[in-house]
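Asks: Protein chains in written order, with the working numbering: chain R, 1 to 275; chain X, 1001 to 1131.
Errors might be hidden in some of the hints.
To be verified - Straight line, CA to CA, 25 Å or less: simulated SDA-like cross-link-like pairs of lysine to any residue:
hint, chain 1, residue 1, chain 2, residue 2
1, X, K1043, R, G196
2, R, K244, X, L1066
3, R, K244, X, K1108
4, X, K1045, R, K4
5, R, K159, X, R1116
6, X, K1043, R, I191
7, X, K1108, R, S194
8, X, K1123, R, G29
9, R, K161, X, E1052
10, R, K260, X, S1099
11, X, K1063, R, N74
12, X, K1045, R, I238
13, X, K1051, R, M237
14, R, K244, R, R195
15, X, K1063, R, V236
16, R, K275, X, E1097
17, X, K1123, R, S156
18, R, K4, X, D1120
19, X, K1034, R, R195
20, R, K161, X, T1046
21, R, K260, X, E1127
22, X, K1123, R, S137
23, X, K1080, R, N263
24, X, K1063, R, K260
25, R, K159, X, R1072
26, R, K274, X, K1108
27, R, K260, X, R1072
28, R, K274, X, A1024
29, R, K161, X, M1096
30, R, K244, X, K1034
31, R, K119, X, K1123
32, R, K62, R, N74
33, R, K275, X, E1127
34, R, K275, X, P1026
35, X, K1034, R, Y273
36, X, K1108, R, R162
37, R, K244, X, T1046
38, R, K272, X, L1040
Derived from the structure by calculation, the hints contain no laboratory data.
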Amino acid sequence: MENKDFVVFIITHGRPDKVITIKTLNKCGYTGDLYLVLDDEDKTVDQYIKNYGKDKIIVFNKKEMADKVDEGNNFDNRRTTTHARNACFDIAQKLNKRYFLVLDDDYYYFGYRYETGAKIIKNLNNVFDIILNFYKSSNIKSIAFSQGGDHIGGFSGIKLKRKAMNSFFCSIERPFNFIGQLNEDVNTYTILGSRGDLFFTFTNIQLDQKDTQKQSGGMSDAYINSGTYVKTFHSVMIHPSSIKISMMNSNNPRLHHSIKWINTTPMILNEKYKK
Amino acid sequence: MKQINMFGSEFKDSQDKKYTNKIAAPIYEPTGEKPHILELCDKSKTHRLIKEIDASSLSIEEKTFLIDAARRHNVFNYEKIAEYYAHSSKEMQHLMERSALVIIDFEKAIEYGYVRLCDDIKKQYLEEYGE
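Chain R extracted, bound-state conformation:
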C-alpha cells in the first residue's frame, strides 16, 4: 500500500475459530497491517492468541471504554461492539497510525459493485489507497463500504450515501465516539450527521457478511434475545425527529430503522451560494 500510516482492525468477540474477515482480506489481496481487537472480558482470548499469534491481538479494557460513553439504556451489560469501535482510535494512536479501517469479523466478500452485479476485488491494497485518498481530500469523519442491503431492489447506482455502517475508515485526527449499546452505527451517523459531521457510504464497493442473527458468538445472541426491536429503538430514542421503526423485508424479515433523510442531514452546498 502507498499509505503506510494505515492499519486494519477487525473487532471480534468469542469467535476465535470463525474470523472469516481475515481469510477474505487475504483472498482479496490485502497485505498491509492487520490486528484483531478483543475486549478483556472475552473468555476466548487465549484461543485467539493460539490461532493468530500474540503480535496480531490487541486487548482493550472494556469497562474503561464503557465508562466513557452513553450506552443509551440501563441494561448494565457490555454486550456491544460500541466499545471496541471506540477503542480503535486510541489503539491506532498507540500504534502510531494516522488512518485505520474498522471491520467486523464475519465478512466473506469485498467486491466492486455495478449494475450487472458484484465482482470480487483482487487488489484490495489499491482500493484502500483510493478510498483513503478521497478520505484525506475533505473533512469526512468516516467512509464505509456498501452492504447488500444498500442495493435491495437492484443496484443503487454509484453514489455517496450520507451514512456509514459496519466498516469504517477513520482517522485519529478526526475522532468521534460511537453512541449507544445497540445500533451504534446508526445512532452515530444520524446524531453526528445532523450536527454537520460527514459520514459516507460508497456504493461502488460492497461487502457482504453472514446474517446478523444466524452466527453464534459476537452480537448474535443479543439480537436474537430481543428480536431487533430493542436494537432499533435505540436509534429512535437518540434521534426521534427522523427515525422510525419499520419492517425490513429480506430473506430474514425483521424490524429495522427507517430514516427520513431530508430531516436528518444538512445539505452540502457548492461554495457559489455563499455570499
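Since the structure of chain R is already known, use the hints to place chain X on it.
Replies: For chain X alone, kept in the frame of chain R given last:
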C-alpha cells in the same frame, strides 16, 4: 471480456461521458424560491408535548428539562433550509453555517474528490478484469 458486460455497452466517448454523469455527488443544488422561515422546522409534536408539560404539576426545573427534551422532536427540513440559505443575507448565512444547518463544499473538495474516487475505482476494476 470487454467493458460491455459491466456498463451495458462498450465504452465510447459519449457513453463514457454518460457513465460519468451517472455519478451522483451528494451536493444539493438549490432550485426553488426562498421558503417561508416557518417551513424550515415542523414543531407540531414539540408543541403538543410542551402543552402537556405545561399542564402538569411538575416543578419548574422538571418542566424546563422536559421542554428542552421535547425540542428533540423538532423536525428540520434540510432541503428547505438549503433553499433558504441560498437566498439569505450574509449574516444569516454565516450563522446558519456556524450551526451546521448547511455544509459548504469549499473549492469543490467533496465534488472533485468524489469524481476522482469513482474514476480511480473504475480504472482499478478495469486493471483487474480487463473489461
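Asks: It remains to establish, for every hint, whether it holds in the given structure.
Replies: Evaluation of the provided hints:
no., hint, verdict
1, X:K1043 to R:G196, "21 Å, holds"
2, R:K244 to X:L1066, "21 Å, holds"
3, R:K244 to X:K1108, "34 Å, violated"
4, X:K1045 to R:K4, "51 Å, violated"
5, R:K159 to X:R1116, "13 Å, holds"
6, X:K1043 to R:I191, "18 Å, holds"
7, X:K1108 to R:S194, "21 Å, holds"
8, X:K1123 to R:G29, "17 Å, holds"
9, R:K161 to X:E1052, "38 Å, violated"
10, R:K260 to X:S1099, "20 Å, holds"
11, X:K1063 to R:N74, "23 Å, holds"
12, X:K1045 to R:I238, "16 Å, holds"
13, X:K1051 to R:M237, "21 Å, holds"
14, R:K244 to R:R195, "19 Å, holds"
15, X:K1063 to R:V236, "22 Å, holds"
16, R:K275 to X:E1097, "12 Å, holds"
17, X:K1123 to R:S156, "20 Å, holds"
18, R:K4 to X:D1120, "19 Å, holds"
19, X:K1034 to R:R195, "23 Å, holds"
20, R:K161 to X:T1046, "29 Å, violated"
21, R:K260 to X:E1127, "39 Å, violated"
22, X:K1123 to R:S137, "19 Å, holds"
23, X:K1080 to R:N263, "10 Å, holds"
24, X:K1063 to R:K260, "29 Å, violated"
25, R:K159 to X:R1072, "30 Å, violated"
26, R:K274 to X:K1108, "13 Å, holds"
27, R:K260 to X:R1072, "15 Å, holds"
28, R:K274 to X:A1024, "22 Å, holds"
29, R:K161 to X:M1096, "23 Å, holds"
30, R:K244 to X:K1034, "29 Å, violated"
31, R:K119 to X:K1123, "14 Å, holds"
32, R:K62 to R:N74, "17 Å, holds"
33, R:K275 to X:E1127, "44 Å, violated"
34, R:K275 to X:P1026, "21 Å, holds"
35, X:K1034 to R:Y273, "13 Å, holds"
36, X:K1108 to R:R162, "17 Å, holds"
37, R:K244 to X:T1046, "16 Å, holds"
38, R:K272 to X:L1040, "22 Å, holds"
The structure shown violates the earlier hints numbered 3, 4, 9, 20, 21, 24, 25, 30, 33.
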